[in-house]
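Chemist: If you want the building blocks of each chain, they are given just below.
Protein chains: 2
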Amino acid sequence: MSEPVPAEESVVPRPGLSRRGLLGLLGAGAGGLVVGGLGGAAIGAAVATANAADATGVVHPFFGTHQAGIATPVQANLHFAAFDMADDATRDDLISLLKDWSYAASRMTQGLDVSATGAVGGSPDAPPDDTGEALGLPASALTITFGLGPDLFEKNGVDRFGIAARRPDALKLLPRFVGDALDPAASGGELCVQACADDPQVAVHAIRNLSRIAFGRAQIRWSKLGFGRTSKTSSDQLTPRNLFGYKDGTANILGDDERALDEQVWAAGPSWLAGGSYLVVRTIRQKIEPWDRQQLTEQDRIIGRSKGEGAPLSGGTEFTEPDFAKKDAAGQPAIDMHAHVRLAHPDFNHGIRLLRRGYNFVDGNDPLGSLNAGLFFLSYQSDPQRFVTIQRALRSDLLNEYIQHTGSAVFAIPPGAKQGSYVGAGLFA
Amino acid sequence: MSEPVPAEESVVPRPGLSRRGLLGLLGAGAGGLVVGGLGGAAIGAAVATANAADATGVVHPFFGTHQAGIATPVQANLHFAAFDMADDATRDDLISLLKDWSYAASRMTQGLDVSATGAVGGSPDAPPDDTGEALGLPASALTITFGLGPDLFEKNGVDRFGIAARRPDALKLLPRFVGDALDPAASGGELCVQACADDPQVAVHAIRNLSRIAFGRAQIRWSKLGFGRTSKTSSDQLTPRNLFGYKDGTANILGDDERALDEQVWAAGPSWLAGGSYLVVRTIRQKIEPWDRQQLTEQDRIIGRSKGEGAPLSGGTEFTEPDFAKKDAAGQPAIDMHAHVRLAHPDFNHGIRLLRRGYNFVDGNDPLGSLNAGLFFLSYQSDPQRFVTIQRALRSDLLNEYIQHTGSAVFAIPPGAKQGSYVGAGLFA
Ligand code: HEM
Ligand code: HEM
Numbered sequence: 001m002s003e004p005v006p007a008e009e010s011v012v013p014r015p016g017l018s019r020r021g022l023l024g025l026l027g028a029g030a031g032g033l034v035v036g037g038l039g040g041a042a043i044g045a046a047v048a049t050a051n052a053a054d055a056t057g058v059v060h061p062f063f064g065t066h067q068a069g070i071a072t073p074v075q076a077n078l079h080f081a082a083f084d085m086a087d088d089a090t091r092d093d094l095i096s097l098l099k100d101w102s103y104a105a106s107r108m109t110q111g112l113d114v115s116a117t118g119a120v121g122g123s124p125d126a127p128p129d130d131t132g133e134a135l136g137l138p139a140s141a142l143t144i145t146f147g148l149g150p151d152l153f154e155k156n157g158v159d160r161f162g163i164a165a166r167r168p169d170a171l172k173l174l175p176r177f178v179g180d181a182l183d184p185a186a187s188g189g190e191l192c193v194q195a196c197a198d199d200p201q202v203a204v205h206a207i208r209n210l211s212r213i214a215f216g217r218a219q220i221r222w223s224k225l226g227f228g229r230t231s232k233t234s235s236d237q238l239t240p241r242n243l244f245g246y247k248d249g250t251a252n253i254l255g256d257d258e259r260a261l262d263e264q265v266w267a268a269g270p271s272w273l274a275g276g277s278y279l280v281v282r283t284i285r286q287k288i289e290p291w292d293r294q295q296l297t298e299q300d301r302i303i304g305r306s307k308g309e310g311a312p313l314s315g316g317t318e319f320t321e322p323d324f325a326k327k328d329a330a331g332q333p334a335i336d337m338h339a340h341v342r343l344a345h346p347d348f349n350h351g352i353r354l355l356r357r358g359y360n361f362v363d364g365n366d367p368l369g370s371l372n373a374g375l376f377f378l379s380y381q382s383d384p385q386r387f388v389t390i391q392r393a394l395r396s397d398l399l400n401e402y403i404q405h406t407g408s409a410v411f412a413i414p415p416g417a418k419q420g421s422y423v424g425a426g427l428f429a
Numbered sequence: 001m002s003e004p005v006p007a008e009e010s011v012v013p014r015p016g017l018s019r020r021g022l023l024g025l026l027g028a029g030a031g032g033l034v035v036g037g038l039g040g041a042a043i044g045a046a047v048a049t050a051n052a053a054d055a056t057g058v059v060h061p062f063f064g065t066h067q068a069g070i071a072t073p074v075q076a077n078l079h080f081a082a083f084d085m086a087d088d089a090t091r092d093d094l095i096s097l098l099k100d101w102s103y104a105a106s107r108m109t110q111g112l113d114v115s116a117t118g119a120v121g122g123s124p125d126a127p128p129d130d131t132g133e134a135l136g137l138p139a140s141a142l143t144i145t146f147g148l149g150p151d152l153f154e155k156n157g158v159d160r161f162g163i164a165a166r167r168p169d170a171l172k173l174l175p176r177f178v179g180d181a182l183d184p185a186a187s188g189g190e191l192c193v194q195a196c197a198d199d200p201q202v203a204v205h206a207i208r209n210l211s212r213i214a215f216g217r218a219q220i221r222w223s224k225l226g227f228g229r230t231s232k233t234s235s236d237q238l239t240p241r242n243l244f245g246y247k248d249g250t251a252n253i254l255g256d257d258e259r260a261l262d263e264q265v266w267a268a269g270p271s272w273l274a275g276g277s278y279l280v281v282r283t284i285r286q287k288i289e290p291w292d293r294q295q296l297t298e299q300d301r302i303i304g305r306s307k308g309e310g311a312p313l314s315g316g317t318e319f320t321e322p323d324f325a326k327k328d329a330a331g332q333p334a335i336d337m338h339a340h341v342r343l344a345h346p347d348f349n350h351g352i353r354l355l356r357r358g359y360n361f362v363d364g365n366d367p368l369g370s371l372n373a374g375l376f377f378l379s380y381q382s383d384p385q386r387f388v389t390i391q392r393a394l395r396s397d398l399l400n401e402y403i404q405h406t407g408s409a410v411f412a413i414p415p416g417a418k419q420g421s422y423v424g425a426g427l428f429a
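Chains as they are written, first to last, in the UniProt record's numbering: chain A, 1 to 429; chain B, 1 to 429.
Warning: the hint list may mix true and false statements.
It does not matter which identical chain is meant; a pair holds if it fits inside one copy or across any two.
What the hints assert, rightly or not - Here are the simulated SDA-like cross-link-like pairs (lysine to any residue), alpha carbons at most 25 Å apart as the crow flies:
| hint | residue 1 | residue 2 |
| --- | --- | --- |
| 1 | Lys418 | Asp257 |
| 2 | Lys172 | Ser370 |
| 3 | Lys287 | Phe319 |
| 4 | Lys224 | Asp183 |
| 5 | Lys327 | Ala126 |
| 6 | Lys224 | Lys287 |
| 7 | Lys418 | Asp88 |
| 8 | Lys327 | Ser123 |
| 9 | Lys224 | Arg285 |
| 10 | Lys326 | His350 |
| 11 | Lys155 | Glu258 |
| 12 | Lys172 | Arg285 |
| 13 | Lys172 | Gln332 |
| 14 | Lys172 | Gly369 |
| 15 | Lys327 | Gly157 |
| 16 | Lys327 | Glu154 |
| 17 | Lys224 | Arg259 |
| 18 | Lys224 | Gly364 |
| 19 | Lys418 | Phe177 |
| 20 | Lys287 | Ser235 |
| 21 | Lys326 | Leu399 |
| 22 | Lys224 | Lys326 |
| 23 | Lys418 | Gly179 |
| 24 | Lys172 | Arg395 |
| 25 | Lys224 | Asp87 |
| 26 | Lys287 | His350 |
| 27 | Lys418 | Thr317 |
These aren't lab readings, by the way, just hints derived from the structure by calculation.
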């Protein structure tokens with residue numbers, strides 16, 4: 001297991017902040033290498049499990065060139081939260097928050113408690129640093145990915161954190177698209193945290209503890225749980241299915257396709273963002289009942305692929321390239337001119353591809369008994385304008401009758417933190 | 001794999017019902033033994049996976065003495081839905097719905113599509129029988145457990161389905177408890193379906209398809225997703241943790257404890273219910289932020305057990321019996337008189353134990369940024385009055401400052417269906 005604790009200089013305590021602001025110190029104060037994270041003598045079993053990268057416990061390094069959670073294999077579960085800074089938060093608050101978050105993330109992704117004293121190792125007369133619900137659970141491939149929204153740089157013309165001049169031109173609100181029915185309370189956000197893990201309890205634990213660490217500096221604006229990844233980023237993964245029953249992720253950019261990642265996903269600049277990316281988030285409600293009443297051929301026509309195999313309607317198997325020129329027996333295009341995969345295909349979009357990393361969601365039901373279900377669409381690209389190009393191309397998508405975009409957000413995703421530093425450090429250099 | 005298709009007589013088509021009402025026929029029409037459930041030749045891989053009880057694919061029999069999903073090992077994920085019958089539904093509708101549901105459940109729990117033609121094997125000019133999002137996924141230990149609420153038997157004094165006389169006295173609305181803040185829209189229900197699986201996509205697929213089958217006869221009243229089981233019913237399972245960070249399920253009734261099941265869980269009668277049980281459902285919001293601000297000793301005192309090990313505060317390890325007479329150094333009871341585990345303990349409740357089978361939930365956040373988190377409490381007992389006794393004993397529970405009950409429901413859980421019959425058949429005999 002890699003050494004999770006940042007070097008001392010990155011976690012200097014910032015007097016005047018809440019106790020939570022000192023979290024970083026708790027770890028570094030122990031002298032650098034902290035492997036246990038659990039103080040109680042009686043909980044040996046939990047320590048053994050939490051620290052072992054066992055069969056269910058894939059561990060992703062936190063520090064590196066890129067943040068984990070983009071090109072790394074998509075996990076089974078998601079908890080996503082968008083945050084807004086407190087009204088009176090200062091530049092120092094923002095910096096200390098990013099440091100504390102990186103510190104906590106560098107530990108939790110390794111299967112450790114949020115700090116060295118953790119859930120039960122601190123003073124019995126103090127609230128525990130860690131909320132404890134992941135005690136004994138393996139890392140479960142947890143990745144924690146941080147992003148910065150446009151409003152963080154400048155809001156209502158005010159440069160609250162002295163970073164307005166560093167906002168990349170590309171980072172701005174997405175334009176309004178035809179058919180958008182966006183809920184402002186479930187859109188936007190000044191910061192975001194994407195926590196993905198193979199165990200939902202581990203993802204929830206991460207968001208909850210990061211939210212707690214943010215107390216007084218930032219608070220959750222909106223949040224979402226997702227399951228059944230609707231994409232894949234590794235050729236080892238079976239293609240999952242979305243809630244319309246179709247394989248999703250077939251033509252996705254894979255995490256080991258360095259060339260596609262360099263051309264399509266990693267941002268070139270500005271310097272503080274080089275090696276980072278942009279995340280576009282769209283909450284898309286799927287109208288499953290009307291969809292379910294469509295005949296199979298119609299469903300296939302709308303997507304442009306077959307339901308069972310996921311093959312393009314021009315023929316072949318799942319990974320055969322679609323042949324958009326191919327005609328069917330009646331002389332019509334085998335793949336409809338307005339099929340989803342045709343309109344979204346790079347051939348008709350200047351070669352643009354997105355790295356999709358979405359999840360299914362079901363949030364209860366509406367008063368008529370329909371499940372409130374849909375796709376929590378997440379895509380990473382080197383410029384949000386690439387998403388805009390595809391989304392505009394989907395204007396005449398046959399799918400539009402069955403979906404509705406209800407939430408939207410965009411974030412700059414800084415590159416990975418160097419060992420001993422924190423995500424976003426370059427912005428303040 | 002056991003043979004999932006009920007004998008022909010139980011699935012006679014009922015003319016005049018919606019197409020969904022004929023689902024049963026689709027399976028039996030194929031001549032009894034249907035093992036594939038997937039018609040397309042191109043989807044061999046999906047068939048191979050769906051039908052294999054592989055490492056991740058534990059398969060529970062649907063037919064048997066008791067319904068699965070009570071004493072069987074608790075799975076990782078839950079989708080629960082309460083249904084109400086349509087205003088104009090008849091007795092025949094209710095019977096055909098229970099038959100169709102049993103038929104579909106007998107297939108889905110085996111890793112099969114909802115009918116023999118399934119997601120892609122029917123006529124391409126018809127809507128598929130199965131919505132498809134679980135195509136290729138293993139059974140994932142799916143259990144589907146059906147229940148009948150008090151209002152099904154008689155509502156506003158009307159005996160809609162001719163079963164009022166068969167309502168057990170024990171099946172009635174729970175009394176109001178001190179502190180209840182119940183949302184009627186998230187309480188009650190004439191029918192319920194508890195779908196548990198080790199893959200959330202499989203549980204969601206089950207509820208969605210059962211809801212679809214119910215179309216025109218019943219519709220979802222309220223529903224809930226849960227994760228991170230907060231209980232255990234097998235000694236093989238590690239004790240999970242709830243969102244207060246404590247081990248939950250330590251003293252639970254285990255699924256192989258035949259004696260405790262017979263004494264505490266299985267209902268003796270009336271005859272149509274013998275071998276069944278009663279399910280009490282309580283949605284309990286946990287106020288995680290105030291909880292997280294409590295010191296560790298105070299949290300331990302409230303629960304009556306230690307956070308790390310889960311041992312009673314009277315000493316020992318997780319499975320040591322609590323000693324409520326034990327005093328601490330200051331001469332006070334080592335386990336507080338109002339600690340949760342003391343008040344809930346059988347010693348002070350006429351020996352009553354519950355089989356708990358709850359799940360954690362997180363449903364987004366409130367406008368102040370707090371996660372809307374809690375415990376979806378499910379308990380099975382031979383009489384709901386047993387739950388009432390414990391819940392009343394919890395009136396002075398120290399935990400009450402940190403929780404609020406927001407939903408409530410009670411259901412009679414019929415015994416398991418005999419091979420070739422359906423759940424609830426005894427009610428109409
Ligand atoms: C609920 C909404 C959506 C559903 C159900 C859906 C479904 C699908 C399916 C089944 C495929 C084919 C398999 C694959 O290659 O992944 C696909 C491909 C694709 N989708 Fe979507 N999609 C949705 C929304 C979007 C949105 C909002 C975008 C971007 C604006 C998008 C962009 C793409 C792209 C780029 C491809 C790959 C096309 C190719 O290269 O062949 N999708 N989608
Ligand atoms: C959010 C609310 C609740 C929380 C956080 C909670 C937590 C716990 C914990 C940590 C334990 C000790 C470990 C164990 O034996 O499982 C426990 C035990 C128990 N709880 Fe709860 N509980 C809650 C609500 C309830 C409710 C509503 C009831 C029933 C009315 C209940 C009944 C019991 C019982 C019967 C035991 C076992 C007592 C024994 O035999 O030692 N709990 N609970």
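Chemist: If a hint holds in the structure, say so; if it does not, say that too.
Modeler: Quick rundown of the hints versus the structure:
1. In this assembly of identical chains, the alpha carbons of Lys418 and Asp257 lie at most 25 Å apart only when taken from the same copy (23 Å versus 53 Å across copies).
2. Taking CA atoms no more than 25 Å apart as the test, Lys172 paired with Ser370 passes in neither setting, with 35 Å inside one copy and 27 Å between copies.
3. In this homomeric assembly, Lys287 and Phe319 never come within 25 Å of each other (Cα to Cα): the closest approach is 28 Å inside a single copy and 48 Å across copies.
4. Taking CA atoms no more than 25 Å apart as the test, Lys224 paired with Asp183 passes in both settings, with 14 Å inside one copy and 22 Å between copies.
5. With identical chains, the CA atoms of Lys327 and Ala126 are at most 25 Å apart between copies only, with a shortest distance of 23 Å across copies and 71 Å within one.
6. Taking the shortest Cα distances, Lys224 and Lys287 sit within 25 Å of each other both inside one copy (18 Å) and across copies (19 Å).
7. With identical chains, the CA atoms of Lys418 and Asp88 are never at most 25 Å apart, being 30 Å at best within one copy and 66 Å at best between copies.
8. Taking CA atoms no more than 25 Å apart as the test, Lys327 paired with Ser123 passes between copies only; the shortest distance there is 23 Å, against 73 Å inside one copy.
9. Taking the closest pair of Cα atoms, Lys224 and Arg285 come within 25 Å of each other both inside a single copy (13 Å) and across two copies (17 Å).
10. With identical chains, the CA atoms of Lys326 and His350 are at most 25 Å apart within one copy only, with a shortest distance of 21 Å there and 76 Å across copies.
11. Within a single copy, Lys155 and Glu258 get their C-alpha atoms no closer than 36 Å, and across copies no closer than 64 Å, so neither meets the 25 Å cut-off.
12. For a Cα distance limit of 25 Å, the shortest separation of Lys172 from Arg285 inside one copy, 24 Å, qualifies, whereas the shortest one across copies, 37 Å, does not.
13. Taking identical chains as interchangeable, the C-alpha atoms of Lys172 and Gln332 are never at most 25 Å apart, the minima being 41 Å within one chain and 61 Å between chains.
14. Proximity of Lys172 and Gly369 under a CA criterion of 25 Å is satisfied inter-copy only: 24 Å between copies versus 37 Å inside one chain copy.
15. In this assembly of identical chains, the alpha carbons of Lys327 and Gly157 never lie at most 25 Å apart, being 54 Å within a copy and 63 Å across copies at closest.
16. With identical chains, the CA atoms of Lys327 and Glu154 are never at most 25 Å apart, being 52 Å at best within one copy and 60 Å at best between copies.
17. For the homomeric pair Lys224 and Arg259, neither the shortest alpha-carbon distance inside one copy (32 Å) nor that between copies (43 Å) is at most 25 Å.
18. Proximity of Lys224 to Gly364 under the C-alpha cut-off of 25 Å is found in both arrangements, the shortest distances being 13 Å within a copy and 6 Å between copies.
19. Proximity of Lys418 and Phe177 under a CA criterion of 25 Å is satisfied in neither setting, with 38 Å inside one chain copy and 55 Å between copies.
20. For the identical chains of this complex, Lys287 and Ser235 are neighbours neither inside a copy (30 Å) nor across copies (42 Å), given an alpha-carbon limit of 25 Å.
21. In the homo-oligomer, the alpha carbons of Lys326 and Leu399 lie at most 25 Å apart inside one protomer (21 Å), although the nearest pairing across protomers, at 67 Å, exceeds that limit.
22. With identical chains, the CA atoms of Lys224 and Lys326 are never at most 25 Å apart, being 41 Å at best within one copy and 46 Å at best between copies.
23. In this assembly of identical chains, Lys418 and Gly179 lie within 25 Å of each other by CA distance neither inside one copy nor across copies; the values are 42 Å within and 51 Å between.
24. In this assembly of identical chains, the alpha carbons of Lys172 and Arg395 lie at most 25 Å apart only when taken from the same copy (21 Å versus 53 Å across copies).
25. Taking identical chains as interchangeable, the C-alpha atoms of Lys224 and Asp87 lie at most 25 Å apart only when both belong to the same chain, with a minimum of 23 Å there against 34 Å between chains.
26. Taking the shortest Cα distances, Lys287 and His350 never come within 25 Å of each other, neither inside one copy (31 Å) nor across copies (50 Å).
27. In the homo-oligomer, the alpha carbons of Lys418 and Thr317 never lie at most 25 Å apart, since the shortest distance is 42 Å inside one protomer and 42 Å across protomers.
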